[in-house]
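Following the hints, put chain E in place on chain G, whose structure we already have.
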Amino acid sequence: MAKKIVVDPIPRIEGHLRIEAKLGENNVIEDAFSSGTMWRGIEIILKGRDPRDAWAITERICGVCTTVHALASVRCVEDALGMEVPRNARIIRNLMNATQQTQDHLVHFYHLHALDWVDVVSALKADPKTASSIAQSISPWPKSSPGYFKDLQQKLVGFVESGQLGIFSNGYWGHPAYKLPPEVNLIAVAHYLEALDFQKEIIKIHTVFGGKNPHPNYLVGGMACAIDPNRNTAINIETLSMVKKIIEDTKTFIEQVYIPDLIAIAGFYKDWLYGGGLGNYLCYGDFPEKSIDDAASLLWPRGAILNKDLSTIHDVDPRDLSQVTEEVSHSWYTYSNGDDKGLHPWEGETNPAYSGPKPPFEYLDTDNKYSWLKTPRWKNNPMEVGPLARVLLAYAKGDAMITETVNMVLKKLNVGAEALFSTLGRTAARGIECLQTAGFMMHYYDQLVDNIKTGDLQTANTKLWDPSRWPKEAKGFGYTEAPRGALGHWIHIKDGKIEDYQIVVPSTWNASPRDADGNAGAYESALRGTPMADPELPLEILRTVHSFDPCLACASHVFDMNGKEITKVTIT
Amino acid sequence: MKKINVIGLGNVLFGDEGFGVEAVRRLEKQCGDIPDSVRFIDGGTQGLNLLDYIESADTVMVFDAIIPTEYERKVYIYENDDLPAFIHRKMSSHQMGLSELLSVAKLHGKVPEKLILIGVPPHTLELGCGISREVEALLEEAVKEGKQIIDSVLSG
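Line by line, the protein sequences give chains G and E.
The numbering used here puts the first residue of the first sequence at 39, with every later residue one more than the last.
The numbering used here puts the first residue of the second sequence at 1293, with every later residue one more than the last.
Because the hints were derived from the structure by calculation, they are not lab data.
Worth double-checking, as some hints may not be accurate.
What the hints assert, rightly or not - Think about it this way: if two alpha-carbon atoms lie no more than 27 Å apart in a straight line, the pair counts; the simulated DSSO-like pairs of lysine-lysine are:
no.	chain 1	residue 1	chain 2	residue 2
1	E	Lys1402	G	Lys242
2	G	Lys193	E	Lys1402
3	E	Lys1321	G	Lys193
4	E	Lys1294	E	Lys1321
5	E	Lys1295	G	Lys283
6	G	Lys501	G	Lys328
7	E	Lys1402	G	Lys181
8	E	Lys1294	G	Lys250
9	E	Lys1398	G	Lys193
10	E	Lys1321	E	Lys1398
11	G	Lys396	G	Lys41
12	G	Lys242	E	Lys1398
13	G	Lys242	E	Lys1321
As the list claims (entries may be wrong) - Partial list, derived from the structure: chain G residues whose beta carbon lies under 7 Å from chain E:
no.	residue
14	Gly79
15	Ile83
16	Lys85
17	Val145
18	Lys238
19	Ile241
20	Pro252
21	His253
22	Leu257
No residue lacks a Cβ here, since even glycine has one placed at the ideal position from N, Cα and C.
For reference, chain G alone in the conformation it holds in the complex:
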């Protein structure tokens, strides 16, 4: 009988994810099953509430990016009620969104994903002088002297010797799948720490425009912030110049630290081109230059790619009842008209019905229901969402900036475009995109300043604020491209209250279980065919799953004084 391996929970992600993999000959993964084991019942909480409050509740779903749910939610309510937001509000939302993307991608690369490629303990053996000359050969970033790396290495030694690895305690150090020389490991660890410090600055932009962070304020009909160049208590010239400085520093950090590191690290893993998976990609698009309804004005385009065919871009309409659907044939829910019949979110149902084994258990019953995640499909196809989907779509459409950057990265690595369809391609796409969104930050800053100069200070449109002006019944769709992929909110308003609310989050697409036809989800498909050096230490599984930036949000665990939960790997 084939070997079976269970990794539960997958460490360094938000939420709870379990992977069961079947190993074939030579420890190659034959098949994999992905199970989100925590139930998210936000839809039930929202029923009967004021639609204008939905953003504040939905932004509590996630412990990573509060702002994306707030954005999708206000767009969804505005869509239902036919509200247009003022120009300033559109620009500020785009700026905050670009800020979130940039910060999140940076944090993902260094603090979630890098340790799948970077061996922290190996960095202790590095020669600081060699590290310095490597660093200087790949980037003009000033913190690169031998003394800098030496100091850092000593700090690291102290840290390891104290026995409290803290942030580095959950790694498979010394694993044979790590390929970087000690010096490159040391550079990466140095930048891990610098990025930790730097990301604090980027997100201050949310405090400026959202009033506070975390949980910045949004508003149905616009934004809650006041702009007045001459007033201390509003967004004024002083705050705007602070924002500009942060954006400039961010761009420099991405250009001089993130991108050179990405290319340097990827160069040692060019042979590890596993993890491509489905080859189907879906994007709702984002960054509207005009009204959110004008899909042609989106800087990130909308569309789908099937079977890796970049020559055909399919139109996507998330309002079409037959396109985006969720079924529950392998999920712990029931549908009144059959679990295997996909329902569009406007017709969606959330009836939890756990039928899995009673804990503690060894394996899930993967022939039947095995996940708390529903199974979203686009025209019945399983789809991957996220940076790789977006970059491939923009590349297929010939977007100038993306095409140039993708080609630069491919050339530096000396690999062809087919290398993009891999775990490494996904990781590279995130970096390429981060460079782009740092550019968007400046683009929207300039737009905002230009618009304020015309004398336009309006940030909110309150014409339709009062529910007495709303139709008796209305349906709306709100979307955004969250850092980890296409996010949709669908609302049904009746008599001024939420009648129904459905959310399909990016990780539901990517981590989805099988559908009724037996088609695997994106994680499941991406893990197939991956060889494992040592099944006891499933680094390869983490690499591919982490490359999607999983967020199975809804953090509900309390502060546990009894010690830490350690990932359990079971093999039989």
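Here is chain E on its own, set in the frame of chain G:
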């Protein structure tokens, strides 16, 4: 003036998980007119986004729902070295909990002089039910303790 950051942690959607956030809301209200050097932060379930608040004050006071080793229904207060070494809150951005944030602050050399954790064991973690009666009974005491600590730091 000593800087104090008061941070409430937890998810308000899950019953007593929201203890920390609710305690800080009430504490801010009770403190009324207080110097700008004291900041009240609704930390939610954020991890890395809170690093700046940990590193930018002399005193950091955290309110959170906790599961102590000897489970008694009371208010727990830990200060500096009393904080267990392996506190681990599986809640936050990329599993970056308070203990990870502190270890980062240590590496940056920016650990606050005084670190206080005020915790209460949760009674229920059900979705959408608000704070339970059991935890409600301890909330006022937790807030009072917090207020006293703020007053003594400000006057000291």
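Output the numbers, in ascending order, of every earlier hint that fails for this structure.
-> Numbers 3, 10, 16, 22, in rising order.
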